[in-house]
Amino acid sequence: MGEMLRLDNITKSFPGVLANDRISLDVREGEILALLGENGAGKTTLMNCLYGQLKPDAGQIYWRGRPMEIPDSHAAVSLGIGMVHQHFMLVPVLSVVENVSLGLASTRGLLLDLEYIETRLNTLSREFGLEVNPRAVIWRLPVGAQQRVEILKALYREIQLLILDEPTAVLTPGEVNDLFAVLRRLSARGVSVILITHKLEEVMAISDRVTVLRDGRVVETVKTSDTTPHELAHLMVGREVIFDVHKPPLKQGKIALEVQNIKAVGERGALALNNISFSLHEGEILGFAGVDGNGQQELEEVLCGLRRIREGQVFLHGQEVSHYKPDQLHQLGLAHIPSDRLDRAVAVKLTVEENMVASHISKPPYSRRGILNPKAIRQFVQHSISTFNIQTPSPRAAVATLSGGNQQRVVLASALGHQPRVLIAAQPTRGLDVGLTQQVYERLVQERSRGAAILLISTELQEIFRLSDRIAVMYRGELMGIAPVEKTNVNQIGMMMAGVRLEQQEDSLP
Amino acid sequence: MKTTFKIPAFLRLKNLQKTALSLWKRLSPPLIAVAAALIVCGVLMLVMNFNPLLAYQALFESAIGNKSAIGTTIIKSLPLLITGLAVTIAYRAEIFNIGVEGQILIGGIFAVWVGTKVTGLPPFIHIPLCMIAGMVGGMAYAWLPAWLKAKRGINEVIVTLLLNYMAALLLSWVVRGPLREPGQLYAKTAEVAQTARLPILVPEMRLHPGIFIALILVVLCYFFLWRTVPGFNIRFVGANQRAAEAAGINVPKTMLTSFLISGSLAGLAGTLHIIGTEYRMLESFLSGFGYDAIAAALVGQLHPFGVLLGGFFFGALRSGSNGMQISLGIPSTLIYVIQALIILFVLASYHIRFGWRWWKREKQMDVFKKEIQPGN
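These protein sequences, in sequence, are chains H and P.
The first sequence: position 316 = 316 (the numbering used here), numbered continuously.
The second sequence: position 59 = 59 (the numbering used here), numbered continuously.
There may be inaccurate statements among the hints.
Only part of the chain P face toward chain H is listed, based on derived beta-carbon distances under 10 angstroms [said to hold, decoys possible]: (1) 231; (2) 243; (3) 250.
Simulated restraints on C-beta separations [unchecked claim]: (4) H/383 / P/223: 48 to 56 angstroms; (5) P/35 / H/378: 34 to 42 angstroms; (6) H/391 / P/223: 28 to 36 angstroms.
By construction, these hints were calculated from the structure, which means they are not laboratory data.
Just so you know, even glycine gets a beta-carbon here, dropped at the ideal spot from N, CA and C.
Next up, chain P with everything else stripped away, as it sits in the complex (with noise of 0.2 angstroms):
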């Protein structure tokens, strides 16, 4: 018998060199970013005495050296890998949600009421209604800026980052009052119910199932915007808000669905932390974890697989600052240096290629005002 071998298409050495040139495209840009702000950054550890490469060494092993350090860069990357899925969502219907940071809070807040004040139920019902609660909650804070933008074109940008002030004084008002744990000195909320905790899978590396969660949501992130109507609406919007409104695509009821999904993506991220790590809140809970989101989804260039690994690559670099500072003194805030400088050079990378080129007129120019000098 006679059996003919057929190669499969994709794995013709053409399209292998297609897929390969064009992954290359899409994940060049941060990879280089990223390259260039390690090496700023280690000239300024040089600058300030430090040996950049035993600092690198030092981030290395504490975010993924060893098992306990594998899991606390996840239960970091978590909330950052699902609020970027939150800003992914929203800008790719061209809105800029920098409000997560104040809805995780809001979120966070209505989990722990429930958590909390909720009890006598099974678990395989409160750790849903938690979770349920906290996307109410992310999705109620997004619902103004949501409605001023769609309905009154009023910027987003503006209304959520007044909003994210408001979220971070309610949460110190919610852990000094209504929510607020009896008897103790420091202001915080009790702690969730049993009923309402994630299992932990693996306790060396106190792992929840938060983490497939996560995942699922990455799937269903990218299923949603590649795959179903409003998904489709999102993105045409995004594209082409006024050739949307022609093609008979209600532009406010979509922009209103973006940002909202948006909102209880960024609860969940904040209901996950409470229920599956934290179990309850302080006024500083993951302060600071919405801005980075927002990092992470750019660098993730704002598809839900990037957002994956930006988000666990913006969890490595928080959990591998401390073990930076613990065994170099090196203070973890220059990890804030290299975040900002990745975003930076990730920006700036779409520019790069402009900037050369007005740089080539400017010398042309030069040229030319020899040329027209009279007496020549």
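Isolated chain H, as found in the complex (with noise of 0.2 angstroms):
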């Protein structure tokens, strides 16, 4: 195998971090590369290096062995180089085929030259095992399709490397299954893939070679064969990583939050929660698990408040709390990790005092007939930069200062600061390296030992098993069922994942 590309050390900072340090990696002909690291290791930085979205200070690029500027991703594509983002880079309303023409020239000069590309897209999808309906309108088909579709338009343009950024998040066990033989094919073809992950599963089951990313710098590149997930675990993090939360017998208590066949709809004005309906305990957490789009969001946005309920009701404590505003489900101890840290969590422009203590801020102590008292908010400020170990040059930077981990520090800060009785927490560790999401995970352990009702909503299967008592499966808007962590596996909530019913699933069985 040849070599196709090489990275010579590639240094890139931005104002207070150096994200890449002197990175060298090299890419064979037909190789599945793993790029491998922590969330903040410097891996996306180092593509977008790579893909000419980002310019690296220092260091060379070399394509088939000759030296390369990449001013933009233009240049990126025209020499062969293809990207997936993790957010696809599609556009909603038109179908696939117009996606794929979309900034290529047409052999008819003015006039759009779909038949054409209809047809090379569907020898490609055969080709490759893509299977895509060319003229299907992309926001009708499910992330899994958007996927291929993105890979299909890379493969259109000819490409000879496929660089993937965390290409799993978003799709069922099944799925991955279905990218994975895609991947395999493409390389059986001489296509090179480099995939962004920090899954170890992921690296072990499909790349040839793994190049470890730590601190922006490379720790090592190994042979896939010749490593175990254990030992890349340990190179990623950098020490011994305990994957186990210990977690004390359930306790459960009263019911905490209960809902009953509550309908919403979302933001399309389509239904997206179905006749809901379950029971949340105290003592407990309560996991719900599901591809991302099945009605999770809307869920959460319906439990806080946040998202008006068409039909159904919800009670907290016994206490009917359907049409509550969010201050007054905060009043009745309910607390909140949003989904979209960016989105609902934090506002960047403000400082980490300040988006700390927004949800409690017009009670005492923190102000008192309207006039804020600084010292009790300091006092509290200061206190959960200490527990959380929120690294922040003062309480008084801005948000946008700080890195991903330490913003969604602050946002755990902010929602279990004050012992909240139930606690909706979604995707409280997306875009978390390993020892904080560890570090979540136990804190998440002691809020329910303590007494709290935890829903959490990931799309993280091990995190669902890992945390919850219970879990359940949301599919299309409706509820595949509830299951207890210690009387399923990973196969029936997959199942569960792809629409199939708990009962369905009861019966078939012998």
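Put the complex together from the two separate chains, hints included.
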């Protein structure tokens, strides 16, 4: 196998952060290279340098042995480098063919050439097993299919190196297997793949070699067949990782939150929650699994008073709260860790201090008769900064200046600072590194031991299995079933994530 | 006895440097913008065959050259300053209240009405009554766009812009109709009663206590925005509306509050100008001051203390431009060119770095295109 790409001492710094520190790596023809590292290790920065979206401060990119400057993504594509971003770059209202045609010169001058593209797309999808209807409109497609469109888009441009940034985050276990099959076929045709990930099992399952990054540096590059998940985890974190959370036995208390037959509509006006009923007890963690976009976000919003309920009722400690506003729910001891940090959880222009007290600001001791009490605020914030080990130059620093992990700590401090009785934790570890994830797990278990009722919404199956006492799965806005964690397994949950109800599965058992 | 001398923390060299640096970061964009605008306008004057140095000297002298000039500057600054605060409070909630122009007029009409039609009150009741009337007027005129924005999400810029025209037309009807001074050739309202007028403190400067009210308002605004719950909510809503909602802040109510406070401040600005300086309204009452106040607030970086400086700066430009016209015959409209340039440069200062990066990328692209040419 010849060398296709070589990065030589790539260095990139942002104000205050050295994101990539003299990184060197190489990719051979037809090889699947995993780029493994915690969040913030510099994986995405490095790939953006390669894809022309960032300019490295120093270092050299060699493409097939020749030194190259890649000023933008257009240049990268014309070299033969394609990238599938974590957030897809597709136009939702256009069809698959139209999305592929964007930015391409038509063979018919000013006229579009969609038939020709469609024929070629069909050939490509057959060749690589990327099943997709070229005429389908993007927003109607499930996420897995949208990802296939992204890959097709790259293949159509005859790329020789495909970069995938955390491609499995949005997929069901079954879809992950399909994706891996496609990647193997690509590599058999001589297309190289760089897979950015922080999941060890994926690295072991699919890659030929793996380059481990930590704190912006290459720790080591090893052949996958010569290593173990344990060793990789050690390389990635730089210390032993305890993957198991010590969870004391369940001490289930009274019902804290009860949901009865609720219906709610999503952003597009379609029914996003259909007849959902469940109850959540004190001292229990109820995990909601499911592929992103099956109603979890709407459920989160409904429970926190951010989305209107069309039908059904919600009870908090026996009190009906179906149409309560967020601040009323906070008064009753409900706390919320929003799924999208930058969207709902923090105002990055404001300070750490202001963000931390925002949901308590109108109550004593933080304010009296509408006048803030800086002393009480400062006290709470100082305490939280040390409890949650938040790395910030000062409580008055803008949240925008903090790293993602520290921003999430601010969110946790704000949500957990006042001993909530019910906690809605949506994707609480999204974008966090292994070490920090571990801390969040321990913290959630602590809250559970204290007697808090926790509703955990997460797309990470491992997280759900490690923390939950019971696991619920949502599919297209409907509840597929709730199973106690000790009586279920990944297969059963995976089936529910694909739309097979729990009771149907039990029926089919011999 | 041994005394140890300890330098207070804020006076230590390191902290002084820090303070100076952050102050420079804050002040440099508007200062550079002002300098750039004056230079460009100077070139314009050269083209028009005027000597820019003489012009700026005349501008300077007639703005702050003597007591009466300073008085004029202050009197023109006050409405700009107070209205600038109005713009600031709305803007902190991410509301662009262009409607201050109209809210000034409606506030003024209310104040004139109370000042002329209500009589027989002692000054210590009549004056506050006029001020309250003016604030109510401004607030009432802000209510419609505020409600539409908060409850229906309708763009406030368009609504207030249209309402400004309505306010101007309303004023021209009022000075001809209901509030017209009887037996006068020109359309203007009657003067407000003596009991409704602010006392003149320094006669040769025509200075009235409005300046103290304005200065107190600057401090109050600062206190309101950074030390009270509604102020906190306003800034949080302005910084991230969806996060504010999740934190339990009532977003529509907060928007309504900031918009109404903004309107009442604009109304007060109009009122103080009437009961302190003009005593009546003409059709051209404070025309354009609302728009200038937006400029003053932007140059003041939407911070109450910055707006204080911005207000006085634009007031000085307004009063200095007359002097420039009288002594050198330079059209005072040129001042509007300076003002517009300052705003453009302030806005541009946020984007200059971006433009620079873009330019560098383009150059890299050229290099790249040469690189991948076949046959290289």
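Structure-based check of all given hints:
no.: 1; hint: 231; in the structure: holds (8 angstroms)
no.: 2; hint: 243; in the structure: holds (5 angstroms)
no.: 3; hint: 250; in the structure: holds (7 angstroms)
no.: 4; hint: H/383 / P/223: 48 to 56 angstroms; in the structure: violated (26 angstroms)
no.: 5; hint: P/35 / H/378: 34 to 42 angstroms; in the structure: holds (40 angstroms)
no.: 6; hint: H/391 / P/223: 28 to 36 angstroms; in the structure: holds (32 angstroms)
Of the numbered hints stated above, the single one contradicted by the structure is hint 4.
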